[in-house]
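Visitor: If you want the building blocks of each chain, they are given just below.
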Amino acid sequence: MWNNRLLRVLGLFIALAALTTACGSDTPDTQSADTPTDDAGDHDDMGDMDDHAGDHDDMDDMDDHGATIDVDPDLPIPEVAMILNETESPGVFDLKVILANFTVTEENVDGDPIDNEGHMHLLIDGDKVERFYALERQITVPEGEHLVEIELNSNDHSAYSIDGVPIRTGMTVVGAGEATHDDDGGHDHSAGGAAIEEGLAAADADVTITATFKAGTVDLEGDDRVDVEVDDVVMVMVTSDVTDQVHVHGYNILAEVGSDMNAMILFTADSPGKFEIEFEASGTFIAELVVS
Amino acid sequence: MNFGSLLGHGVGSRGTLPLPFWQFSWAAIAALVLSFLGLGALWRTPKLTSTSGRLVPGTVGPMLVGTWLLRVLGLALFGLTFGAALFGADVAGESVNLAPVTVYVMMWVAVPIASAVVGNLWRTLNPFRTIGLLFPQRTAHDAPNHRWIAAATLFGFLVLELVHPSGDSPRILGWAMVVYTALMVGGLARFGRVWLDRADGFDALFSLIAALSPFSQAATGELIVRKPLSGLSSIVVLPGTAMIILIVLGGTSFDGFSESPIFIDIIGRPTGWGAVAPKLLGLVVMIGIATILYWIGTRQTAKITGIGHDEAANVFAPSLIPIVWAYIIAHYAQLVIDQSQSFVHRLSNPYGRFDAAGNPIHDWLGTATNNVDLNVIDVDLVAWVQALSIVIGHVLAVLYSHDLAVSRFDTRNAARSQQTMLIVMVLYSVAGLWLLFSA
Numbered sequence: 001m002w003n004n005r006l007l008r009v010l011g012l013f014i015a016l017a018a019l020t021t022a023c024g025s026d027t028p029d030t031q032s033a034d035t036p037t038d039d040a041g042d043h044d045d046m047g048d049m050d051d052h053a054g055d056h057d058d059m060d061d062m063d064d065h066g067a068t069i070d071v072d073p074d075l076p077i078p079e080v081a082m083i084l085n086e087t088e089s090p091g092v093f094d095l096k097v098i099l100a101n102f103t104v105t106e107e108n109v110d111g112d113p114i115d116n117e118g119h120m121h122l123l124i125d126g127d128k129v130e131r132f133y134a135l136e137r138q139i140t141v142p143e144g145e146h147l148v149e150i151e152l153n154s155n156d157h158s159a160y161s162i163d164g165v166p167i168r169t170g171m172t173v174v175g176a177g178e179a180t181h182d183d184d185g186g187h188d189h190s191a192g193g194a195a196i197e198e199g200l201a202a203a204d205a206d207v208t209i210t211a212t213f214k215a216g217t218v219d220l221e222g223d224d225r226v227d228v229e230v231d232d233v234v235m236v237m238v239t240s241d242v243t244d245q246v247h248v249h250g251y252n253i254l255a256e257v258g259s260d261m262n263a264m265i266l267f268t269a270d271s272p273g274k275f276e277i278e279f280e281a282s283g284t285f286i287a288e289l290v291v292s
Numbered sequence: 001m002n003f004g005s006l007l008g009h010g011v012g013s014r015g016t017l018p019l020p021f022w023q024f025s026w027a028a029i030a031a032l033v034l035s036f037l038g039l040g041a042l043w044r045t046p047k048l049t050s051t052s053g054r055l056v057p058g059t060v061g062p063m064l065v066g067t068w069l070l071r072v073l074g075l076a077l078f079g080l081t082f083g084a085a086l087f088g089a090d091v092a093g094e095s096v097n098l099a100p101v102t103v104y105v106m107m108w109v110a111v112p113i114a115s116a117v118v119g120n121l122w123r124t125l126n127p128f129r130t131i132g133l134l135f136p137q138r139t140a141h142d143a144p145n146h147r148w149i150a151a152a153t154l155f156g157f158l159v160l161e162l163v164h165p166s167g168d169s170p171r172i173l174g175w176a177m178v179v180y181t182a183l184m185v186g187g188l189a190r191f192g193r194v195w196l197d198r199a200d201g202f203d204a205l206f207s208l209i210a211a212l213s214p215f216s217q218a219a220t221g222e223l224i225v226r227k228p229l230s231g232l233s234s235i236v237v238l239p240g241t242a243m244i245i246l247i248v249l250g251g252t253s254f255d256g257f258s259e260s261p262i263f264i265d266i267i268g269r270p271t272g273w274g275a276v277a278p279k280l281l282g283l284v285v286m287i288g289i290a291t292i293l294y295w296i297g298t299r300q301t302a303k304i305t306g307i308g309h310d311e312a313a314n315v316f317a318p319s320l321i322p323i324v325w326a327y328i329i330a331h332y333a334q335l336v337i338d339q340s341q342s343f344v345h346r347l348s349n350p351y352g353r354f355d356a357a358g359n360p361i362h363d364w365l366g367t368a369t370n371n372v373d374l375n376v377i378d379v380d381l382v383a384w385v386q387a388l389s390i391v392i393g394h395v396l397a398v399l400y401s402h403d404l405a406v407s408r409f410d411t412r413n414a415a416r417s418q419q420t421m422l423i424v425m426v427l428y429s430v431a432g433l434w435l436l437f438s439a
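Chains as they are written, first to last, in the numbering used here: chain A, 1 to 292; chain B, 1 to 439.
The set of hints was computed from the structure by calculation and includes no laboratory data. Every value quoted in this text rests on a predicted model; they were computed, and no experiment measured them. Treat the hints with care, since some could be wrong.
[As the list claims (entries may be wrong)] Once the Cα atoms are required to be at most 20 angstroms apart in a straight line, the calculated EDC-like pairs of lysine to aspartate or glutamate come out as:
#	chain 1	residue 1	chain 2	residue 2
1	A	Lys-214	A	Asp-224
2	A	Lys-274	B	Asp-310
3	A	Lys-274	B	Asp-380
4	A	Lys-274	B	Asp-373
5	A	Lys-274	B	Asp-378
6	A	Lys-214	A	Asp-163
[Stated by the list, open to error] Partial list, derived from the structure: chain B residues whose beta carbon lies under 7 angstroms from chain A:
#	residue
7	Arg-299
8	Gln-300
9	Asn-375
10	Val-376
11	Val-382
[Unchecked claim] Covered stretches of chain A (in silico footprint by chain B; criterion: 3 or more residues with CB under 8 angstroms from a CB of chain B, positions within the stretch not fixed):
#	stretch
12	160-171
13	201-211
14	245-259
The beta carbon of each residue, even a glycine, is placed where N, CA and C say it ideally should be.
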């Protein structure tokens with residue numbers, strides 16, 4: 001069931017607040033030029049998408065000012081993750097965006113902010129490239145090593161944030177060449193912070209296990225024994241101040257975690273049994289998943 | 001299991017039994033007591049001890065070919081595993097390096113489970129036996145005439161497996177293999193091949209378990225077909241032989257117990273070196289409990305029959321072998337089913353190295369990127385096999401010790417001498433079931 005290519009994704013991770021730099025300005029040299037595969041052509045607001053040689057419209061300038069809007073702490077926190085796979089064409093990547101607690105609404109753009117809805121921005125090296133709505137598309141990354149990020153934005157283009165820090169996910173890729181990869185001698189299953197079973201989205205999760213690892217201790221929401229039924233969809237979200245991997249045993253799913261990336265694991269618990277979820281390197285126990 | 005990253009919660013059962021634990025336990029107790037009573041009434045002459053089996057003529061050639069194939073296979077796997085452990089990716093995960101899954105699953109679990117059926121596989125697979133062909137059978141008459149060293153090596157292995165915080169690290173495993181190899185080859189050079197009979201814990205244990213098998217090999221090379229269990233009577237019991245069995249019984253029990261909520265309530269979930277002291281203590285206590293129960297069980301045998309307690313403990317030691325085999329199946333059947341797949345996958349890329357794009361460096365068998373199918377055999381069926389194995393193992397132990405007793409003592413004493421042992425068997429089996437399904 002686990003598509004190896006998917007699991008082998010070169011670094012897909014959620015980075016809440018990876019960078020505190022503002023959106024920055026549109027610059028042509030970091031332009032992701034060709035994005036023909038999504039429904040971009042239908043948009044009224046094409047300025048973002050096909051914006052050539054710095055020919056900005058006013059909306060873009062508004063986008064770029066780095067305004068943030070804190071999410072309502074009483075609502076579920078919007079989350080974003082992404083999967084990037086390099087295609088046959090050098091520098092062109094398939095992008096899949098995974099959203100949790102966030103609705104993309106093209107029709108309300110430029111309107112008033114509505115909690116947990118809006119659109120996304122693609123950023124390269126901290127600079128905004130374009131606004132987009134599609135969860136699957138292709139992007140082109142210029143030659144060399146670049147940081148690709150996705151940001152969640154409200155209808156008024158301010159970035160959703162937590163305590164002023166924008167909600168973003170990001171990963172470093174090498175455009176027009178090979179994507180970066182940690183050559184630690186293996187573990188290609190896990191080079192990123194998200195391991196998401198094909199066809200699943202965060203909204204499918206029947207159970208979510210949320211844990212924070214800080215200063216050597218695990219803070220788990222709820223009981224450390226999590227009972228689910230066979231074929232339930234399980235989401236595991238882990239934040240950590242130490243770089244490690246989150247491992248769901250048995251199912252053998254790994255996801256990177258660290259101070260700059262959260263782990264997100266989403267899978268169908270289709271095999272009964274008791275499965276430990278722990279930090280792989282330190283062996284620190286997170287929770288026990290009991291599938292029956 | 002301590003090497004959690006290799007095996008996860010592979011210990012015990014992933015399935016559920018159709019019966020609640022207590023019903024199953026009563027069924028187990030009933031099976032044991034009824035078989036004990038039935039044996040006392042009906043089984044008055046030895047049927048297993050002192051039978052030698054039947055030589056199958058014309059099997060010398062095929063057996064020789066098979067032996068050499070297994071020797072080459074054993075050496076090749078040893079070389080690959082050793083190399084992967086010392087030089088492969090030092091990643092403990094279940095899907096990277098060949099070494100941990102080979103040692104902890106294929107050798108430690110699959111070999112003994114298979115040995116009880118097909119015979120003494122390890123005798124030919126064991127790379128030290130093959131290396132030992134270069135050495136004389138016996139060069140020193142001062143070779144140890146006991147199996148305490150073999151028992152100690154098994155205890156060391158269990159500490160690495162269940163106590164050491166990084167026992168699943170290929171590199172740690174590699175260094176342990178260096179030490180073990182030095183001990184085996186050094187002893188071979190000093191004492192000759194007899195050293196392996198006395199000091200190689202794996203060889204000793206797997207040979208004991210292979211005595212359950214209906215197949216054996218004569219000194220002349222022919223295949224021997226015999227009654228199952230009858231091989232137990234040909235075991236040469238040396239000082240330390242009983243301890244080999246008790247250490248493995250205790251170790252397997254501890255592996256189950258260390259996953260139980262009781263143990264976790266006591267020690268919490270410490271990681272790294274903080275877990276060493278409580279786990280080591282737990283392992284020693286479990287081996288101690290198994291030993292004390294056996295000691296109590298054989299004391300009555302000694303009293304009633306007038307033989308010495310040490311003698312009774314040695315003579316009846318082989319009756320524990322069906323239980324060890326049953327415990328291994330009960331605890332690890334699911335693990336073997338799951339992880340032997342991983343073994344085949346790892347064989348394609350034994351060092352667990354990947355290129356910059358994340359593709360395996362080698363894919364010899366085309367399995368390097370396969371994933372384990374956790375449902376390859378219905379997990380509830382496996383749970384049944386696991387639970388039944390405990391009951392059957394203990395019934396076989398009762399049966400064999402009864403047969404042994406009637407071969408040595410008069411009928412009345414034979415049954416009486418085993419009464420306390422029966423209670424011990426009941427305790428062992430209920431504890432075993434509890435560890436598996438209730439803990």
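Visitor: Now look at each hint and say whether the structure bears it out.
Guide: Right, here's what the structure says about each hint:
no.	hint	verdict
1	A:Lys-214 / A:Asp-224	holds, 17 angstroms
2	A:Lys-274 / B:Asp-310	violated, 42 angstroms
3	A:Lys-274 / B:Asp-380	holds, 14 angstroms
4	A:Lys-274 / B:Asp-373	holds, 16 angstroms
5	A:Lys-274 / B:Asp-378	holds, 15 angstroms
6	A:Lys-214 / A:Asp-163	holds, 18 angstroms
7	Arg-299	violated, 39 angstroms
8	Gln-300	violated, 39 angstroms
9	Asn-375	holds, 5 angstroms
10	Val-376	violated, 10 angstroms
11	Val-382	violated, 10 angstroms
12	160-171	violated (count 0)
13	201-211	violated (count 0)
14	245-259	holds (count 6)
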